[in-house]
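Undergrad: If you read the protein sequences in the order shown, they are chains A and B. Number 165 in the working numbering belongs to position 165 of the first sequence; there are no gaps in the numbering. Number 74 in the working numbering belongs to position 74 of the second sequence; there are no gaps in the numbering.
Hint data in this document are derived by calculation from the structure and do not stem from the laboratory. Values in this document were obtained by computation on a predicted structure and should not be read as measured data. Every residue gets a Cβ at the ideal spot worked out from N, C-alpha and C, and that includes glycine. Don't take every hint at face value.
[Unchecked claim] Simulated DEER-style distance windows between Cβ atoms:
no.: 1; chain 1: B; residue 1: Ala-115; chain 2: A; residue 2: Arg-28; range: 43 to 53 angstroms
no.: 2; chain 1: B; residue 1: Asp-56; chain 2: A; residue 2: Ser-416; range: 19 to 29 angstroms
no.: 3; chain 1: B; residue 1: Ala-90; chain 2: A; residue 2: Pro-262; range: 23 to 33 angstroms
no.: 4; chain 1: A; residue 1: Ser-416; chain 2: B; residue 2: Asp-114; range: 47 to 57 angstroms
no.: 5; chain 1: A; residue 1: Gly-343; chain 2: B; residue 2: Pro-97; range: 50 to 60 angstroms
no.: 6; chain 1: A; residue 1: Asp-246; chain 2: B; residue 2: Ala-90; range: 41 to 51 angstroms
no.: 7; chain 1: B; residue 1: Pro-101; chain 2: A; residue 2: Ala-415; range: 15 to 25 angstroms
[To be verified] Dumping the calculated DMTMM-like pairs for lysine to aspartate or glutamate here, alpha-carbon to alpha-carbon at most 20 angstroms:
no.: 8; chain 1: B; residue 1: Lys-82; chain 2: A; residue 2: Glu-302
no.: 9; chain 1: B; residue 1: Lys-102; chain 2: B; residue 2: Asp-112
no.: 10; chain 1: B; residue 1: Lys-102; chain 2: B; residue 2: Asp-56
no.: 11; chain 1: B; residue 1: Lys-183; chain 2: B; residue 2: Glu-172
no.: 12; chain 1: B; residue 1: Lys-82; chain 2: B; residue 2: Asp-56
no.: 13; chain 1: B; residue 1: Lys-183; chain 2: A; residue 2: Glu-418
no.: 14; chain 1: B; residue 1: Lys-82; chain 2: B; residue 2: Asp-143
no.: 15; chain 1: B; residue 1: Lys-19; chain 2: A; residue 2: Asp-264
no.: 16; chain 1: B; residue 1: Lys-19; chain 2: A; residue 2: Asp-136
no.: 17; chain 1: A; residue 1: Lys-241; chain 2: A; residue 2: Asp-376
no.: 18; chain 1: A; residue 1: Lys-241; chain 2: A; residue 2: Asp-264
no.: 19; chain 1: A; residue 1: Lys-241; chain 2: A; residue 2: Glu-177
no.: 20; chain 1: A; residue 1: Lys-241; chain 2: A; residue 2: Glu-319
no.: 21; chain 1: B; residue 1: Lys-183; chain 2: A; residue 2: Asp-376
no.: 22; chain 1: B; residue 1: Lys-102; chain 2: B; residue 2: Asp-114
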Amino acid sequence: MPRQSVPRLLLLLPTATYRTAAFVEAARRLGVDLTVASERASTFQDANPGGLVTLDLSDPDRAAAQARAFGHEHPLQGVVGVDDDTAVVAAAIADTLGLRGNAVVAARAARDKHEQRTLLTAAGVPVPRFTLYRVDDDARQLAAGVSYPCVLKPLRLAASRGVIRADTPEAFVAAFERVRRILERAGCETRDASVSTDLVSRIPHPASRSILVEDFVPGPEVALEGLLVAGQLQVLALFDKPDPLDGPYFEETIYVTPSRLPADAQRAVAACAERAAAALGLREGPVHAELRVNSRGPWLIELAARPIGGRCSGALRFEIRERGKGNGETFSLEEIVIRHALGMELPVLERERQASGVMMIPVPGAGVLREVRGVDAARSVTLVEEVAITAHPGQELVPWPEGARYPGFIFARGASPEAVETALRAAHRQLQFVLV
Amino acid sequence: MNPAEIRITAEPIDTGRCKFVVSEPVHAGGVRRFASSDDASGSPLAEAIFAIPDADVAEVIVSGNLVTVVKRGPAPWQTVGKAVGQAIRAVLAAAGPAVAPKSAGPATPGTDDDALYERVADLFESQVNPMVARHGGRVELIDVQDAVVMVRMAGGCQGCGMADVTLRQGIEAMLQQHVPDVKGVVDITDHAAGSNPYFAAAKK
């Protein structure tokens, strides 16, 4: 095959992502030429100038200019971002280079919780009632005018970091101060990172100075994984979150698919997510939406222009079925995302028949991890396929809402969502985290 | 050895590859790689793993207390892993070595692993390790078998969130450029044991 027929993908991989192995291996399986872009230089960049590049991932416009310069030497046919920030960068690069992707304004709207809610409200998509405050507002005065229960959220932190429910004015004041400190700390972290990388803060000034307060929406929460193709939403998976997320903090735990919601509720969830994507102007690529469902129907809580986070994509496997049976060939979510970005054929968009689930292992407490016991016993639980401890010995574990890093993930597959959920809980009970 | 006392930890890398960390040494004589059931002949552990039904095992790599299995079959690691664990326990409990010593001379006509080893070792010493050392890392060349290079990462590379980028976009790319006879590179690192990774991951 002539070499020039192999498409080149620009993969935007922040150095703090969990997504590296899944995306790099997916690109290898597809046989595409891969360029990995990070915010910090690889030590191999000079040795492999076509395969590695440093981009300012904190500044989409600057990153797009850098990518355009890179593309003169190494023409690019597709770009993929793997998280909230790089989804915006990918849109800017796609716009600059004429590649498949979302409009920058749409990606930015998805990235900013306040802008997202404003657009969704205007489009009639059901979202919690919300108000934006500044961190230096007087929390005691605000508390008198807020309706309860409410949820306080930073605008741009990931993984529910800094998200706190308040049921009373007193709890509101305490939560407001806590979110303020979390934002200050997040700002310090990004400034620390910039010392060695010549980057500006990853949190723009207005976002780091604002706190979103919205009504708490009761009801079970689901997560929808989808792919937008020319504005049409293909639902790849709908996960139930069987542990109630009622606060006061919102650390995730179990995701199980297929959903046990009634079929009409699932259709309503998908329709709500598609309307939300359209309202934001998203048209291409992966979306991850989180919704709540109650007697008034689905409520859009968050929609992101990226695939599912962490290592959770390991719970998804797609297969081509002939006469209702899989032919043995399976595809990962990352392969689908890369194929779509490069305009390659999409041979499959159907999830496997088996139920599947993942548990983001809860942070067991505050401290420094010394060891994890019971991993073998957890792995031996029926239906459990993998127990991945991603925290390393010596790592500081920080509980929510200050924390945002799970110590590991458990994966299971089985005949039913109930069986998968039971297996995940049983495996988790085997684990013992020793902290000092 | 009592098989019940042997502890085995399975660490799936993806749907096709899984590492098994064994509490007892499996093979003390360096690294052995088996690319087919014919290669496995004479090595009881590799024979047993290639014989696992429905796994369609493509490769077995044994080094110290690590056993890496590559499969083509769709059967999940939950099933295949238990069969691999049974094979490891059974072979370690039996008399005799689990893996036969590496035979002298090239395993495949037309390849000269010893010569490749020298060239790869030279590349690692002169270029690869000075590069990863900037992030406190180290890459050990474990062996070359059938033109496949086996490496183990240490220091800042062990458990690093960007280890796969280093492996594929760094080490493998340099091997393709400087030692084009190399057919592949396999990472046999126990990344879960890394205590000082240069980059650690957060959720999204």
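Undergrad: Next step is simple, just say for each hint if it's right about the structure.
TA: Against the structure, the hints come out as follows:
no. : hint                                      : result
1   : B:Ala-115 x A:Arg-28: 43 to 53 angstroms  : 27 angstroms, violated
2   : B:Asp-56 x A:Ser-416: 19 to 29 angstroms  : 27 angstroms, holds
3   : B:Ala-90 x A:Pro-262: 23 to 33 angstroms  : 49 angstroms, violated
4   : A:Ser-416 x B:Asp-114: 47 to 57 angstroms : 54 angstroms, holds
5   : A:Gly-343 x B:Pro-97: 50 to 60 angstroms  : 53 angstroms, holds
6   : A:Asp-246 x B:Ala-90: 41 to 51 angstroms  : 50 angstroms, holds
7   : B:Pro-101 x A:Ala-415: 15 to 25 angstroms : 45 angstroms, violated
8   : B:Lys-82 x A:Glu-302                      : 40 angstroms, violated
9   : B:Lys-102 x B:Asp-112                     : 14 angstroms, holds
10  : B:Lys-102 x B:Asp-56                      : 24 angstroms, violated
11  : B:Lys-183 x B:Glu-172                     : 10 angstroms, holds
12  : B:Lys-82 x B:Asp-56                       : 15 angstroms, holds
13  : B:Lys-183 x A:Glu-418                     : 45 angstroms, violated
14  : B:Lys-82 x B:Asp-143                      : 28 angstroms, violated
15  : B:Lys-19 x A:Asp-264                      : 43 angstroms, violated
16  : B:Lys-19 x A:Asp-136                      : 52 angstroms, violated
17  : A:Lys-241 x A:Asp-376                     : 26 angstroms, violated
18  : A:Lys-241 x A:Asp-264                     : 18 angstroms, holds
19  : A:Lys-241 x A:Glu-177                     : 29 angstroms, violated
20  : A:Lys-241 x A:Glu-319                     : 24 angstroms, violated
21  : B:Lys-183 x A:Asp-376                     : 34 angstroms, violated
22  : B:Lys-102 x B:Asp-114                     : 12 angstroms, holds
Violated hints for the displayed structure, listed by number in ascending order: 1, 3, 7, 8, 10, 13, 14, 15, 16, 17, 19, 20, 21.
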